[in-house]
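Asker: Sequence order for the protein chains is A, B, C and D. For reference, each letter of the first sequence is one residue, going 118 to 415 in this note's numbering. For reference, each letter of the second sequence is one residue, going 118 to 415 in this note's numbering. For reference, each letter of the third sequence is one residue, going 118 to 415 in this note's numbering. For reference, each letter of the fourth sequence is one residue, going 118 to 415 in this note's numbering.
It is possible that part of the hints are untrue.
Intra- or inter-copy, both count: the list cannot distinguish identical chains.
Claimed, not checked - The calculated EDC-like cross-link candidates involving lysine to aspartate or glutamate, where the alpha carbons are at most 20 Å apart (straight line), are:
| id | residue 1 | residue 2 |
| --- | --- | --- |
| 1 | K143 | E358 |
| 2 | K143 | E386 |
| 3 | K251 | E163 |
| 4 | K143 | D331 |
| 5 | K251 | D304 |
| 6 | K251 | D331 |
| 7 | K143 | D315 |
| 8 | K251 | E231 |
| 9 | K251 | D315 |
FYI, nobody ran anything at the bench for these hints, they're computed from the structure.
Protein chains: 4
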Amino acid sequence: PPIEGVDVSATLGRNSYGKSGVRLMKVTRTPDRHEVRDVTVAIQFEGDFEAVHTSGDNQHVLPTDTMKNAVYALARRRPREEIESFARALVAHFFVDNPHVSRIAVDVMENGWERMSVGGWPHHHAFMRSGEEKRTASARGTRDGVAIEAGLADLVVMKTSGSGFSGFMRDGYTTLADTTDRIFATDIRANWSYGNVDVSYALCRARARQALLDAFAEHDSHSVQHTLYAMGEAALEAVPEMVEIRLTLPNRHHLLVDLERFGLDNQNEIFVPMAEPFGLIEGVVRRGGVRPTLSVMP
Amino acid sequence: PPIEGVDVSATLGRNSYGKSGVRLMKVTRTPDRHEVRDVTVAIQFEGDFEAVHTSGDNQHVLPTDTMKNAVYALARRRPREEIESFARALVAHFFVDNPHVSRIAVDVMENGWERMSVGGWPHHHAFMRSGEEKRTASARGTRDGVAIEAGLADLVVMKTSGSGFSGFMRDGYTTLADTTDRIFATDIRANWSYGNVDVSYALCRARARQALLDAFAEHDSHSVQHTLYAMGEAALEAVPEMVEIRLTLPNRHHLLVDLERFGLDNQNEIFVPMAEPFGLIEGVVRRGGVRPTLSVMP
Amino acid sequence: PPIEGVDVSATLGRNSYGKSGVRLMKVTRTPDRHEVRDVTVAIQFEGDFEAVHTSGDNQHVLPTDTMKNAVYALARRRPREEIESFARALVAHFFVDNPHVSRIAVDVMENGWERMSVGGWPHHHAFMRSGEEKRTASARGTRDGVAIEAGLADLVVMKTSGSGFSGFMRDGYTTLADTTDRIFATDIRANWSYGNVDVSYALCRARARQALLDAFAEHDSHSVQHTLYAMGEAALEAVPEMVEIRLTLPNRHHLLVDLERFGLDNQNEIFVPMAEPFGLIEGVVRRGGVRPTLSVMP
Amino acid sequence: PPIEGVDVSATLGRNSYGKSGVRLMKVTRTPDRHEVRDVTVAIQFEGDFEAVHTSGDNQHVLPTDTMKNAVYALARRRPREEIESFARALVAHFFVDNPHVSRIAVDVMENGWERMSVGGWPHHHAFMRSGEEKRTASARGTRDGVAIEAGLADLVVMKTSGSGFSGFMRDGYTTLADTTDRIFATDIRANWSYGNVDVSYALCRARARQALLDAFAEHDSHSVQHTLYAMGEAALEAVPEMVEIRLTLPNRHHLLVDLERFGLDNQNEIFVPMAEPFGLIEGVVRRGGVRPTLSVMP
């Protein structure tokens, strides 16, 4: 129903399309041993896709099914490589024959598998899933260059000492008491960018991860924010190639159970882990005097 | 290990903190009948929180536990209202006593419950969950004003005719065949903004939802993008108060099963629904000549 | 390391194998309108499979991949039918050429889709998912006969009055107070058997479901157990063909929020829905003087 | 509507009630280091509960809320112990003051946390979740005794060689080809019983787990069933106290991608992991000449 003074014309704003959930298990076979890489890939295109939206003209649309096929073919063509390189290669591949595309985003998530040991020896071809921790990588490219982010997700950690929360602001709805000894449990999600795309991804990743874990364990925490910043600082110090890091730390609360009702004390021993609600703390820590730059495409 | 020429100083970038997963069931009791509202609330603060990160000074930090308490107290204080109003009220509440906060985001998600019928009559106090569809609302506020977004998520729809995909681009990895008759299944996620915060939220929502569903059902679809745009146009036409709408439409593929191997035909009758991979199509449709504006805070 | 007196010989006990998660979307096309059936099938065989386990001899093993193919072929061959009939037909099919199989279990789960309305008219080919409720059916067959169970799952219901829990047993760990007015929320899971396999499945299912819902809504509940029994009684009364019914009713607790701390009352208005922990109440209600019987195979 | 000849009387069949999802984090603090135990407990009672069902009389019903409280109190009272002992202690506790209860089932599931290392040293109080693998224990008790089962779940393993499937039965729907080299991936679920309740639970568990993993890795597999049996045999051999073991092994299929279409070979290198459908193989392996026995209650 047209209303006077209301413009009923519609225009297309930002839009993208692609394929998500492309599952790939890659087995590399050498006489000595097998290696496995278990990844999930997502690809998104942006560009001049006005006609497909407004008039149903598909002539510039590469099917998302083709994107999926390309993932498998490139995985076959390319030697063992880190997920950061694979993401970057996919971006480069898709720019070649898609003149209408101006931006490409590729996200890769890797599940970990550790080699089994049998009788004390690493096994040739048997593996065990190494937890819910994921390695992540993303490449965001334009015709001018590509930016790489590396990261990790679902790295679940906990410390049972060295964490307090006190001296905070109070209002009429504040019932929380000061504490100098609480459980601090979180699922670390970290994403960091490099100033240059040609870094040693595996080495940088290993250093970043260890720095994050060490800082979490060792920090005398006044709050989740306080530890988040210490973790970011530690990662920047351990990995000079890193420009900035974004940390997302849900606060997985553990409530002390009131056992006095049953004539028992509870000296920080018996807790209920709460799934909901949870605190959510997010922050970016950035290297002083440095700015992320897009490098030239390979 | 300090590297020559690498600045090891760290600075805090964008950061936020808050509480997520605050579950609330509100029962309104009148002699005639009960009404229920089942929502999940998330709150995030941004502001001057440098000291909490860098020196562990919590004096400006309102605990996220207090945010949770405020949700319950405000739910009690306020009469029956739409989730858009509740989100807006929470933003306004938190700005009052938190001078260090500059931005507040409140997201509310509502599960639907429909009243049961017994013997053909609506029941006084018994309800059934009405599917996985969620109503969503968000309020994003600064000291200058607040912007409201309404939306819906997990509205799962399918059409078994009126959808094709042909005439698309092909490269060396393209194996998909043209089709003029396929299943089109998706989970609609829609978010739209209003030019003014004082609209009739319930009425606008009902009109937007119906327009989206009607357009999905009736459109002669050449692609998911094509239908996405038609749905956006229809919503803008049905709700003059709407400024723009963002639609996210995963393409839930259904593969035709090859039954010729068993001497059977399969004239678009027997399909395998695939969970992975899935297409992912996203786009914004905007009213011509209008721009979103922040209104003055209530 | 053999220990004296310990028998180290191993023998095979009860075993089964099959295929689960077989997804099927079946579209039936008539000029008037399309109909859809969205099911997930699981099949398990028991029988004489000693050799496959102990010596790796596969000659009597029908691949689970073949079971999957048979689901699609039978779905194509058979006209529109209820999931109970489809489960039964699959059992019958697999007994024909598998002489080593002595027991077959087929479980079918159906997602609901409701036809969309456009402009007040039922649409020809557009559908909406009708919530998380599932229809279930299972057929358990031997060479002598088959037994059919029908059921439903994930039917989420709630009543905000007509439910109390008082006068219960107390011990030293009891802190719960009597209540005569609480929220009673549950996800109904029901499974019932028929004395005869040739009943009108659709009609019986509709009557059973309505009886369960009506009883839940109308019952003056002293406990979940109390209402479970009333629901079972009502179903047996509504469906004479039903022999017994098993109900599983998790008690989805809703905690009253203490608002007195903030100077507010809370007269059963503001609750926190708790995901964990939950009560779990399960029971069978059986028709007097009747016993389930295996009927002769079709 | 009463039908002639149909008995409309209802009787209560088997029934149970209890509490599930009781979450507990227990921290044991010594000067040297902290230890954590992260468990989820479920409790079910069976007994003479006719009156609660049929007449709403709650006088013999211990609230499930009390069961939850008892879990926390017993966790506080008892020193560090294995989950098998804790399950057994809970069964014994609940029999004391509940004369109407005849059977009690307690299930405990434990999440693993591994101690972090910082600078090569085990940390005093920082931990990392060690994957999705769970330890499980259950105690099933009557007034005459209790039986203990131990187990593990969600232990995700894969071997990329040493697995084939050939020489199987074929019918008209069989399209699967013989293979002598495929990926074998599964999530191990194992449950085993002891002939005596006073075994060394931790030692037996460690031996059972290692035997299962070694057998999986080393076995020359002709089928999932073949390896299941070998795993069961190995566990029985490694743990003389074990009477029988039940293994559930979903077959997580990995499909070889057809790359010939793109002029590429694929020598068992590039696979698609499939979530659905999946094979499901289950079997019991039992020690020769031994029968499970219920031991006298502690």
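Asker: Each hint: holds or not?
Answerer: Going through the hints against the structure:
1. K143 <-> E358: neither (29 Å within a copy, 41 Å between copies)
2. K143 <-> E386: between (45 Å within a copy, 6 Å between copies)
3. K251 <-> E163: neither (27 Å within a copy, 28 Å between copies)
4. K143 <-> D331: Close neither inside one copy (32 Å) nor across copies (23 Å); limit 20 Å.
5. K251 <-> D304: So K251 and D304 pass the 20 Å test inside a copy (11 Å) and across (18 Å) alike.
6. K251 <-> D331: Classified as within: same-chain Cα gap 18 Å, cross-chain 26 Å, threshold 20 Å.
7. K143 <-> D315: neither (24 Å within a copy, 46 Å between copies)
8. K251 <-> E231: both (13 Å within a copy, 17 Å between copies)
9. K251 <-> D315: neither (22 Å within a copy, 40 Å between copies)
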